[in-house]
Every structure is written in structure tokens, then in C-alpha cells.
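Listed below are the residues making up each chain.
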Amino acid sequence: MRDRNLALLRARIAQLEGDGRRVQGVLPFGVRELDRRLPQGGLALGALHEVAGGGNGTVDGAAAACFAAGIAARLPGPVLWCVTQADLFAPGLEQAGLPPGRVIHVEAGDDRTVLASMEEGLRHGGLAAVVAEVGRLPMIASRRLHLAAKATGTTGIALRRWRRQAEADDFGQPTASMTRWRVTELPSAPLPVPGLGRARWLVQLVRARAGECFDLELEACDGTGHLGLPADVADRPAAAGGSYAFG
Amino acid sequence: MWPIDRLRRAGPTPSAETPLILSGRIGNRRVVTAACEAARALGLLPGMPVTKAQAMVPDLQVLAEDTEADLASLERLALWLMQCIAPIVAVDPPDGVVIDATGTAHLHGGEAAMLEALLGRLTLSGVTVRLALAETWGAAHALARHTGPLTIAPDGTARDMLAPLPLAALRLAPATVRGLQDMGFQTIGDLMAIPRAPLTRRFGPEVRRRLDQALGASGEPIDPLRPTGLATTRRAFAEPIGAAETIARYIGKLARDLCRQLEERGLGARRLDLICWRVDNHAQPVRVGLAAPQRDPARLTRLLCDKIPTIDPGFGIEIMSLTATLAEPLAPRQASSPLEPAAPDVSGLVDVLANRVGARAIFRMAPVASEVPERSVTRVAPLTEIAEGWPDHWPRPARLLPRPEPIETLALLPDHPPSWIAWRGTRHRVARADGPERIFGEWWKREAETQAVRDYFRIEDTEGRRFWIFRQGDGEDRATGSMSWFLHGVFG
Chain A
29 MRDRNLALLR ARIAQLEGDG RRVQGVLPFG VRELDRRLPQ GGLALGALHE
79 VAGGGNGTVD GAAAACFAAG IAARLPGPVL WCVTQADLFA PGLEQAGLPP
129 GRVIHVEAGD DRTVLASMEE GLRHGGLAAV VAEVGRLPMI ASRRLHLAAK
179 ATGTTGIALR RWRRQAEADD FGQPTASMTR WRVTELPSAP LPVPGLGRAR
229 WLVQLVRARA GECFDLELEA CDGTGHLGLP ADVADRPAAA GGSYAFG
Chain B
301 MWPIDRLRRA GPTPSAETPL ILSGRIGNRR VVTAACEAAR ALGLLPGMPV
351 TKAQAMVPDL QVLAEDTEAD LASLERLALW LMQCIAPIVA VDPPDGVVID
401 ATGTAHLHGG EAAMLEALLG RLTLSGVTVR LALAETWGAA HALARHTGPL
451 TIAPDGTARD MLAPLPLAAL RLAPATVRGL QDMGFQTIGD LMAIPRAPLT
501 RRFGPEVRRR LDQALGASGE PIDPLRPTGL ATTRRAFAEP IGAAETIARY
551 IGKLARDLCR QLEERGLGAR RLDLICWRVD NHAQPVRVGL AAPQRDPARL
601 TRLLCDKIPT IDPGFGIEIM SLTATLAEPL APRQASSPLE PAAPDVSGLV
651 DVLANRVGAR AIFRMAPVAS EVPERSVTRV APLTEIAEGW PDHWPRPARL
701 LPRPEPIETL ALLPDHPPSW IAWRGTRHRV ARADGPERIF GEWWKREAET
751 QAVRDYFRIE DTEGRRFWIF RQGDGEDRAT GSMSWFLHGV FG
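The listed protein sequences correspond, in order, to chains A and B.
Under my numbering, think of the first position of the first sequence as 29, with each following residue one higher.
Under my numbering, think of the first position of the second sequence as 301, with each following residue one higher.
Just so you know, these hints were derived from the structure itself, not from any lab.
Each residue gets a CB set at the ideal place from its N, CA and C atoms; glycine is no exception.
Be aware that a few hints might be false.
[What the hints assert, rightly or not] Computed spacing ranges between beta-carbons, pair by pair:
1. B:Arg-746 to A:Gly-181: 46 to 52 angstroms
2. B:Ala-722 to A:Ile-168: 38 to 44 angstroms
3. B:Glu-435 to A:Ile-41: 57 to 63 angstroms
4. A:Ile-41 to B:Ala-722: 49 to 55 angstroms
5. A:Gly-223 to B:Arg-633: 50 to 56 angstroms
6. A:His-254 to B:Phe-740: 33 to 39 angstroms
7. B:Ser-670 to A:Ala-217: 29 to 35 angstroms
8. B:Pro-466 to A:Ala-194: 50 to 56 angstroms
9. A:Ala-194 to B:Gly-426: 52 to 58 angstroms
10. B:Ala-643 to A:Asp-250: 22 to 28 angstroms
11. A:Ala-217 to B:Gly-409: 42 to 48 angstroms
12. A:Gly-153 to B:Ala-369: 51 to 57 angstroms
13. A:Gln-193 to B:Asn-581: 23 to 29 angstroms
14. A:Ala-194 to B:Arg-633: 51 to 57 angstroms
[Said to hold, decoys possible] Some chain B residues close to chain A (C-beta under 8 angstroms, calculated; not the full set):
15. Met-665
16. Phe-791
17. Gly-792
[Said to hold, decoys possible] Just a sample of chain A residues kept apart from chain B, beta carbon distances all over 12 angstroms, derived:
18. Leu-44
19. Val-54
20. Trp-190
21. Gly-200
22. Arg-228
23. Gln-232
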């Protein structure tokens, strides 16, 4: 009974804020701990999402790029990746699950052109996902992008990246995106032998429309774009996972 | 130099070291009309009698000039330029080609990049070329012939750049130039400084007209080369048009006409030129490129309409013409079948983006068989199929710095990772590390890398950030590298 009421309420809210179109499904992350906290059990398709790095990651956006690549990798079809700085290393993307044959890169001169290219990609409809590395994302631009994504069912990922760490305050500004993620590197689990294990991230859902925020310690994308749950976190009681409601 | 280059390109001539001159007739005299680099070095200049030249250089090679062949060949060059650079191109005899580059630089990644690419391609094919880009034909003509091999005059600087050039740069008759020099004028700047009336009374209107043309005070339309045999369509308007909606409507009509012509010939357009002739005899060219041959009117219209803001209609447009400058065979094929869903067609998106951000700015990354990280990736055209990726024996970073940045480290030689690094003023203590991954220089390709070695390490600092660093050299032998450390990438 409670579930049914919730579903009805959700449908009503979706109707109020959308253009009458149904939500186009979700992409589960394949990590139960993560999926059960997301509305409808996954990342909404046909919507705009934001990803940023934490700490120094706001400038280089390396972990955020891998996170975005992992999402795009698990969607079928070509991917458009728009950048202003040409430092993306394609072999690294491939190791996050996105082979070079699937990605079309656009290198634009400024943020405005990147946003215009992203919108063009979202409106095309044949792409799986569009990733755009932008610094400033004004409300109006994000709304346009979100509507474009909604109209075609293409997922848009705005990879927020700034020239200086001080500019990263911009991430607090409201936008029309569906979810807002922050991915920060964490020290990885020590191996019994010298060497480096799988990278570990603190994945924070900073803002979610119609959902709860949380943060979770996860293992970085593998070669197929899937995140993993670290063994020591998986064994921890659920309450210690760091869930909190808005704020 | 064009006649000499043409002969050298056309057929076997003696080696470039043998001085070569071309002879022509002025009245009864045989004079040198062109001299190659070697001949110029020996003091032979165009205009001197052939007999004198032969007396000065004993083993001189003399060939007869062939003005018509030179012109025909120059026209072929102009046609090639029209296909790959800009829609409005005209021959500027005896040795020049004038290109109206308005509205086309975006396809080549900007004006400077366009000129550099052109300089490179022409030089490689054996043409001595001097390029200049300026606001007017006259200014470009002067700068190309009297300044360095590649000159770009930004808008509004033509006056200053022309001032120090000699009078011969103004396209005046030699007798007029001599007359002006007798009066004490040496540079174009001298002419700019004096009032026009006395100048016109003494030398006729020509001097002032050429100066005005060079400075942009009076117009000088370019009569473009129109090759026959291309699919083309045009529309003349009884009343000049100017509104964006009207232009868009007629672009749609022209595109439909053009696509019908292309369909009859079984072709698809790869490059489209829309030229809008204004009532004041200015041409406003728009060029769009396509990644794959197309003849879908809706798509062509969309691409051309994206460019309407760049068209300046002025007092109105009276003629619009649309030409498929480059066309390739395009056979009709089945778009989709119920048995096999078609792969999404992204060529439309690629075209739209390529015409917005430039054809070079949209690409795929393709693997290159090279161990050196920065050489293992190349940019290829966006519609290329890429079957295989990179071998993934070793993890690769998500971000690779444009060039490795030097870092300070404390490390134990020869094969230990550093215990700390300092990069961009921040010190990171290394908590864990993996490596070395030894990468050898490509000694089979580059002489300088015969012994070069890089040892790559993946390191993780205490906060969990992972970097890709390398040491130049193997840690033992100085010949393999300088033993200095660099940061090359950031892992996600």
C-alpha cells in the first residue's frame, strides 16, 4: 500500500515538473548499496547529470572523467565528448570501459561552444550519452540541456571542471540537472605485496531531484565501466554507510 | 618564380644547382623574364638582356618562356585552391592567385592555421609560395610580394603595414613608378601623406585609385573562377532580399534544386558553396563541408542556414548561387531493414558540429603502434571505424598532460619509486607505488632516441591521488637520459 502511494505521488510530481513525458528508464550501477538509494534504482536516462571531482580533482577532473566514462560505457551507442582542454587520454578512457571506436571528441574554444555542441548532441537522438567538460553551467543553459536530453532520451553528463580550485564554489549554484555527483579519490586498500590495487573513490550524491543525498566508498570503474563495492565496506553494517537526508 | 616552378614540376629539368633562366622578347631584345634561385644568387635578374646573362654565367641554361602555359597552369592551381580553400578564387596574372577567404577559415581551424597548412602543402609540391592575408586585394597583393613568406595583417592595420613598402607594391605601371621615384617618393607611406589632387593632375587617376583599393577606400570585386561541369544552381531576385527568413527560404529552394541535379548524376556533395551577390557587387561566400557525401535537401539546408548570421546582406542580395564544389559518387542504398536495426547515423551531427567548431576540432582518437604514450594516440576523421583499442597490459591515466612537467623528487636509484614528489608547488608524500614500466625510445625511427629510456611509475599519495610519473633514463647509465623526473598524467 505504501509503495503504491509512493509510486502515485512520484508520478504526480513527475507530471507537475515535466512536459508530460514519462521518465525514460534508469541505468542501474550494478552496486546494490548505490542503486537502492537512487530513485527508481538507478541513474535516470534522458536527463542531465553533473559530475565533478573533489579537492584537486576540480581542476584535473580525472576521477570524474572515469566516472562519466563508466556511465557512458554501459549505455549502447556512440558517445560525444566535448572538451576545452585537450588532455583527455583515450587509452585511459578505454580502461574505464569506453573504447575509442565509440567516442567522438569535440574540442571547442570556450564553454559556450562546448554547451552548444552538447545541446546539439543531445538533440540528435542517435547517441548514447553526451559528456561535456564545462566550468560554468548557468541555470538557463542547464535547463535547455535537460529539456534536450528529455526530448530524445539521450543522457547528458556535464563534467564540471574549473581552471582554478577557487572557482569550484560554482558547484553550489543551482542548476536544472537531475543529479549532482562528486567523485573524490581515496587511499586504496593496501595490498599484501608492493604495488597499487584498484583505485577507490568517495562517491557523493550531492544533490538529487526527488531523492536522497548520500556518500559511499566505492571501487573505481573496471574495464566494463562497472563500479565495485570494497570488501571492507560491504561487510560494514548498513547504517554506517553514511546516508543522510538533504543537507 | 611561378614559370620556373611550373617547368620544374612539369618535367625533368637539370638539377636545381644548374642556374636556369627563361627568356622572352621585349621589342627586338631578348631579355630574362624569370630566373631561378641559383641564377639570382649569381646576380641574374629579370629584365637584363639574355646575352649579358650568358656572358656572366658560362653554363647557364636558357629556356623560352611560355606565357600561355603558365597562365593555364596557374588556373589549374586556382581551381585546386577553390576546391580546398575558399569558394571565391581568381587568377591574378602573371604569378598570383587571389582568394576571398571570408567565411571559410572556420573549416581550416582559423586563418593562421589555414595559411600555414596552405604554405606547407604548396611548398611540399615544389611551388615557391608567398602568402599574405589582408582586408583588401591590393594590400594582400603588396604584402605577399614585399614582406615575408607568410604575412597576416589583422583588420585595421593595413595602413601601417603598407606604409614602409616600396611603390612597386602598388600594382602601378613601371613608368609611373619611375616617374614617382624621380619626384622623390620612395614608399607607399610617402604617397599617403600628400593631397590627392596634385598627384592626379601629374600622374592620372591610376595612382590614387590603386592606393584607395589597397586601403579599402574603394571596392575591388573579385571575378571568381567558375569551372564548368559542377552541379550548380542560382536564383536572381527582382527585389533584393535581406531578411534572414527570406534567405533561409531561398536556401531551401536552392538546396532542393541542387539535390535534384546531384541525384541525376548519382553524386553526393562533400563541399557546398553558397555565394550571395549583393546589390553593391560584393560577394558574401559561405562554405560548408560534409564528412560524407550527402544529397538530402533538409540536411544541406540545415547546414547552410546555420551560417546565415555570417552573411551580411548590406543593402540587399540580388543573386544567390549554390554550387557543389566537391562531389563524390553516392549510390542509393537501403537505410534500414526490419531484420537488423541500423546503427545510428551520426554524420549529420558531425557535419553540424564541424561547421560550427571547425573540421579539425571534431575527431576520434585512434591507436598508433607506439610505446611512447604521447605518440600512441592520433586524431582521425570522426566517421572512421576503429576496430581495436590499445593493448591494456598496463594502466593508463585518464588525463595526460600536454607535455610532461618537471617535478622534484627524492628517489633511490636505480629502480625505486620516489618517496615524495613536488608538483606545481605542492608536495605529495608517496604512500604506494607500482613500477617501473620501462619504455624505450623509438630508435628505429629517430636517431636521437637510440638509447633513450623512460621508467614510468604509478604512484599514490597519502590522500589517494594517483599520478603517472617517469624518470628520464634507466637510473644507471647517463647516456639513456638525464635522470630527471617528470609528471606525465593523472589517474582517476
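Here is how each hint holds up against the structure:
1. Between Arg-746 (chain B) and Gly-181 (chain A) the Cβ separation comes to about 49 angstroms, which falls inside the hinted range of 46 to 52 angstroms.
2. Evaluation of the 38 to 44 angstroms hint for Ala-722 (chain B) and Ile-168 (chain A) yields a pass: the beta carbon distance comes to about 42 angstroms.
3. A hinted range of 57 to 63 angstroms for the beta carbons of Glu-435 (chain B) and Ile-41 (chain A) is consistent with their spacing of about 59 angstroms.
4. Taking the beta carbon of each, Ile-41 (chain A) and Ala-722 (chain B) are about 52 angstroms apart, inside 49 to 55 angstroms as hinted.
5. For Gly-223 (chain A) and Arg-633 (chain B), the hinted distance range of 50 to 56 angstroms is satisfied, since their beta carbons lie about 53 angstroms from each other.
6. At about 35 angstroms, the CB distance of His-254 (chain A) to Phe-740 (chain B) agrees with the hint of 33 to 39 angstroms.
7. Evaluation of the 29 to 35 angstroms hint for Ser-670 (chain B) and Ala-217 (chain A) yields a pass: the beta carbon distance comes to about 34 angstroms.
8. The hinted range of 50 to 56 angstroms is satisfied by Pro-466 (chain B) and Ala-194 (chain A), whose Cβ atoms lie roughly 55 angstroms apart.
9. A hinted range of 52 to 58 angstroms for the beta carbons of Ala-194 (chain A) and Gly-426 (chain B) is consistent with their spacing of about 54 angstroms.
10. The hinted window of 22 to 28 angstroms between Ala-643 (chain B) and Asp-250 (chain A) holds, with their beta carbons roughly 26 angstroms apart.
11. Between Ala-217 (chain A) and Gly-409 (chain B), the C-beta spacing of about 46 angstroms keeps the proposed range 42 to 48 angstroms intact.
12. Remark: the range hint 51 to 57 angstroms for Gly-153 (chain A) to Ala-369 (chain B) is upheld by a beta-carbon distance near 55 angstroms.
13. Taking the beta carbon of each, Gln-193 (chain A) and Asn-581 (chain B) are about 56 angstroms apart, not inside 23 to 29 angstroms as hinted.
14. A hinted range of 51 to 57 angstroms holds for the C-beta pair Ala-194 (chain A) and Arg-633 (chain B), which are about 55 angstroms apart.
15. Satisfaction of the interface hint for Met-665 (chain B) is found here, the shortest Cβ-Cβ separation to chain A being roughly 4 angstroms, below the 8 angstroms cut-off.
16. Hint on Phe-791 (chain B) holds. Least Cβ distance to chain A is approximately 6 angstroms, under the 8 angstroms limit.
17. Interface restraint check for Gly-792 (chain B): the shortest CB-CB distance to chain A comes to about 3 angstroms, inside 8 angstroms, so the restraint holds.
18. The Cβ of Leu-44 (chain A) sits about 32 angstroms from the closest Cβ of chain B, beyond the 12 angstroms cut-off, so the non-interface label holds.
19. For Val-54 (chain A), the shortest C-beta to C-beta distance to chain B comes to about 21 angstroms, beyond the 12 angstroms cut-off, and the non-interface label holds.
20. At roughly 14 angstroms, the least C-beta separation between Trp-190 (chain A) and chain B is larger than 12 angstroms, which holds for a residue marked as non-interface.
21. The claim that Gly-200 (chain A) is not at the interface with chain B holds, since no C-beta of that chain comes within 12 angstroms of its own (minimum 22 angstroms).
22. Under the 12 angstroms C-beta cut-off, the non-interface status given to Arg-228 (chain A) relative to chain B is violated; the minimum distance is some 7 angstroms.
23. Once the 12 angstroms rule is applied to beta carbons, Gln-232 (chain A) is consistent with being away from chain B; the minimum gap is 14 angstroms.
Checked against the numbered hints given earlier, this structure breaks hints 13 and 22; the rest are met.
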